[in-house]
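Enquirer: These are the residues of each chain, in order.
Protein chains: 2
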Amino acid sequence: MTTNNPATPATPERPGQPSAAAAKASAPRRQNPRPYHRGRRKPTVKPGLPLRIVSLGGLNEIGKNITAYECGDDIVIVDCGLAFPDSDMLGVDLVIPDVTWLVKNKDRIRGVVLTHGHEDHIGALPYVLKQVNMPLYGTELTLALVEGKLKEHGLTGKVKLHVVKPGDTVKLGCMTVEFINVNHSIAGSVALAINTPGGLFVQTGDFKIDCTPIHGEMIDLARFGELGKEGVTGLLMDSTNAERPGYTLSERKVGEALNTLFAKAEGKRLIIATFASNVHRVQQIVDYAQKYGRHVAVSGRSMVNVCGIAAELGYLRVPEGLVVDIDEIDRFPKEKMVIVTTGSQGEAMSALYRMAYSDHRKVVVGPDDFVIISANPIPGNEKTVDRVVNELMRLGAEVVYEEVHVSGHARQEELKIIMSLCKPTYFIPVHGEYKHLMKNASLARSIGIPDKNIIITDIGKVMEFDKGNFKFVGTVPAGRVLVDGTGVGDVGSIVLRDRKHLAQDGLIVVVATIDGASGALVAGPDIVSRGFVYVRESESLMEQTRLTARDVLMDCADAHVTEWGTIKSRVKDALSKLLYERTKRSPMILPVIMEV
Amino acid sequence: MTTNNPATPATPERPGQPSAAAAKASAPRRQNPRPYHRGRRKPTVKPGLPLRIVSLGGLNEIGKNITAYECGDDIVIVDCGLAFPDSDMLGVDLVIPDVTWLVKNKDRIRGVVLTHGHEDHIGALPYVLKQVNMPLYGTELTLALVEGKLKEHGLTGKVKLHVVKPGDTVKLGCMTVEFINVNHSIAGSVALAINTPGGLFVQTGDFKIDCTPIHGEMIDLARFGELGKEGVTGLLMDSTNAERPGYTLSERKVGEALNTLFAKAEGKRLIIATFASNVHRVQQIVDYAQKYGRHVAVSGRSMVNVCGIAAELGYLRVPEGLVVDIDEIDRFPKEKMVIVTTGSQGEAMSALYRMAYSDHRKVVVGPDDFVIISANPIPGNEKTVDRVVNELMRLGAEVVYEEVHVSGHARQEELKIIMSLCKPTYFIPVHGEYKHLMKNASLARSIGIPDKNIIITDIGKVMEFDKGNFKFVGTVPAGRVLVDGTGVGDVGSIVLRDRKHLAQDGLIVVVATIDGASGALVAGPDIVSRGFVYVRESESLMEQTRLTARDVLMDCADAHVTEWGTIKSRVKDALSKLLYERTKRSPMILPVIMEV
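As you go down the protein sequences, you meet chains A and B in turn. Here full-length UniProt numbering is used: the first residue of the first sequence is 1, the next is one more, and so on. Here full-length UniProt numbering is used: the first residue of the second sequence is 1, the next is one more, and so on.
Please note that the accuracy of each hint is not assured.
Copies of one chain are not kept apart here, so a pair can be met inside one copy or by any two copies together.
[Claimed, not checked] The calculated lysine-lysine pairs, modelled on DSS-like cross-linking and capped at a C-alpha distance of 27 Å, are:
1) K500 - K572
2) K500 - K584
3) K253 - K229
4) K334 - K268
5) K158 - K584
6) K151 - K577
7) K130 - K584
8) K334 - K264
9) K149 - K584
10) K500 - K383
11) K500 - K577
12) K268 - K461
13) K439 - K264
14) K46 - K461
15) K268 - K336
Hints were generated in silico from the structure; no laboratory data involved.
Chain A on its own, in the form it takes in the complex:
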């Protein structure tokens, strides 16, 4: 991780430029940007054509956000994220959107604009870009994170990347996209004002209102107000925290909590787990480490990665000499150390998880450690976080895991402020499950947007805006594609169904060899079971299973049944019945017949 000379601190508006050598060595190779404008004078957009908007992900779900704006012969995509698998998507690594429609219309796509660098907004890019290559537009940090992904997938240099800053406007076909500064739990987040012949649309991306941000400026509320005065046709708004009343607290509030905990942790080593992407949080940790005279080490691949990029680009200001390599931590007294680590969601194999299970190659947790989990469990992760907390406590560490975090998403009052500033004709809640969308819709109603102008849509449903009027105009293919290992889309519902069956009650394989001519049983049946019962204790059941299968096969032979499908069916039925009666379980039964 490179460090900036504190004498020339990076100014908030323009992240510090890397040194020439560093720039040459590590700066991403970027094309000359397409002509675009900085500042408020924007290229004009000729009105007239209808605008269509369709989301291919991110509605009625949290994750895989991707929305297409289509006007005339041009398509602009906003974001391209992944989703994490549900608990019933056994063995699946991640979920990406079905982009059949994009592939079909690839010649009309003018570019992808990215609101920020979270996985649910950029994570599907490597997979989608392999299907349809498109130029990308995003802030510096966002594109740096994208480049890391492209590299992992062997796409370095094959995709055009255009760096933008808040205030810039880019012309994409008959539409323009203006980037507007917002606050979120990752730096470099923007909202978009998409000006089209069919109207002016504002897409908030993920945002909150933070009056005291750690880096950069407060969300550009004035610009939302100006747009509202110009006339916003449609507002697509983040619904994640629409159920929560009040305001989301500023990121600096976490700083206050950290300050108290740093003081409390005097004499102990600090281990702080947080989201790798939350550079602002890491900045505060670094600042307090300096204040309290501690060194900082970083653990966890994604944390090392993101912090490195952030420091290089100037989003993270680190005093020289403060950071030490994780391999060198034993050279320093524990009470002078802070370890910043991944694993705030209790993820298996994260650095904190390995520490909790005494499996980390450098960090051995004990009573001299004070652990802070600076994150809230994402819904679904509560038990995995609990497990790690319990294990760390067993090792003797003091663990603080509550109230050292604030959300990155706006709550009800903030949402209403943006709605009121934009004063849109149409309100389209996005980025949420159905209940979130409904709640956001009710907020819009509460500030006076008429019910008929509030659009609850779904992925694949095409919205058309024409001369101030709206209607749904059909659907396009949309859905999920499961990624497992290197396979994309080859794990579908049948494979999942089978995995579920195997997971529930295991498997019985029945193998027999029969004579091809006569159908007589030549060898077997042999029974092999996995995941069903502990065989050593269930020998009589296994033997009874074998005998039952044998009876069926011999009956088939006697009756001259040679159609394999029929034979297998009968074996399956007989064994299912037997095993259910005996065990009330239904293992998968797989008859395999060899012919000699």
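Given the coordinates of chain A, work out where chain B should sit on it, guided by the hints.
Expert: Frame of chain A; chain B shown alone:
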């Protein structure tokens, strides 16, 4: 569900007696109770022998609570609960404690005393009683719920059941057990004062302090105080909510919320999901139904079951004619109906789940419905609850799912009150994960209990109290037994490991027939896969797998390798390598060799 005549309401202290006919028809067959005392004058306990306490479940976990008190030649068991499987216990129905030690010492067990009727306190009884039959002591509702379980397991009439009331004391060997009224989220809950030659112990069971309980009296704080003055050696205390500051609100607070919602739901049908065991909640729903002129129908097997028992025993007071059968609801206008239902945790196949997925045989949810989920998600269930909420909203119902519940477990201030009243020499936090136990321990420290007198123990660890001194004295077998279908304990770590493997990446079965004498390949290999890839799209991969397997088998034949173990190993290794290289997945590979 039988109803009581409102003219003679059941008094809180003594639940109404069923009519003679009903009593004869349905009253549980109970033995004449062992001699026991009502009121404050208790049989004396001769001091002298050391007392040993060991928990076989309920420590460092939530669930399967069971504790044994051993003094001289006598053992008394407190509770016998089950736990629900973790997400990694694939296909497992429930988890019960390993009671090897109880079976070994069965001749010394004088009885099981039950604190209340929740599954994590009584759910393992049918399984354990089959291994060691013991007399049971509990309040009327608790034993009625136990009887339902015994009936399901064919144990009716085979177990001695003794009904007790708060204030009663039972002599069990050299120990006495006094039952003390407490408040909890199920009626008939008690704490225990266990007087032994080795000291007086108080076990709180699950409790809260409710100054305005719906049924029965407030927790008998005075009695805890009296015991504290007599001298409590050890206090075993519920740690579930030890992390939560303040007080748990009274059950009546939910009533206030319900009142508001009943008013808001005017003109719509009400559907209210809550825990079947929370009779107090159902009572309030019944009361408001009457107030607002609605009928009540009940849906869900456990809800019908528990409400029926509760009404029969007088824990639930229902005005005559208020309740209608679920099959009759169409005879009444929707706005005059409240349906009380199971499914507050989003459990698959519960009544509310079936309603949400349009699969309920009587209830079709739509915009005329107002659904209330009167429960908080138990940690781990957040996403299942969300799913049901989203589906119900999609059907057009209004859904309220937050803040219509209070916990049944004491928070920090209540815990400290009981600690202060009891003034125990030793404090033993129970009923919680490690973090809960640690937090409860820190509360004890905060009110002055010395650190050396605070005992964090674990299942299987034996605590000995002798003349005011404490030490650990070894361990007994303790752990978990998995129940799957009718099988108890035959799903162990190997079976689970296999299920996990199958769930992750599926399975490849490789079947070949070889000549027994020469080792030559006679038929096959055939490849069958399940849960791995969608075969139709992966034919070339499957073919390559088959060819690789064939090459290995032929090589083995050529090299005269006839040892099946070796042949299978080589096939497994070759295929694992191939498949991982091609797919980055590791399906289970099952070679099966038939010999002719």
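Enquirer: State for each hint whether it applies.
Expert: Against the structure, the hints:
no.	hint	verdict
1	K500 - K572	both (18 Å within a copy, 23 Å between copies)
2	K500 - K584	both (17 Å within a copy, 20 Å between copies)
3	K253 - K229	neither (33 Å within a copy, 46 Å between copies)
4	K334 - K268	within (6 Å within a copy, 63 Å between copies)
5	K158 - K584	between (56 Å within a copy, 24 Å between copies)
6	K151 - K577	between (53 Å within a copy, 25 Å between copies)
7	K130 - K584	between (47 Å within a copy, 19 Å between copies)
8	K334 - K264	within (15 Å within a copy, 58 Å between copies)
9	K149 - K584	between (47 Å within a copy, 18 Å between copies)
10	K500 - K383	both (21 Å within a copy, 18 Å between copies)
11	K500 - K577	both (20 Å within a copy, 25 Å between copies)
12	K268 - K461	neither (55 Å within a copy, 31 Å between copies)
13	K439 - K264	between (40 Å within a copy, 17 Å between copies)
14	K46 - K461	within (26 Å within a copy, 79 Å between copies)
15	K268 - K336	within (8 Å within a copy, 63 Å between copies)
The structure shown violates the earlier hints numbered 3 and 12.
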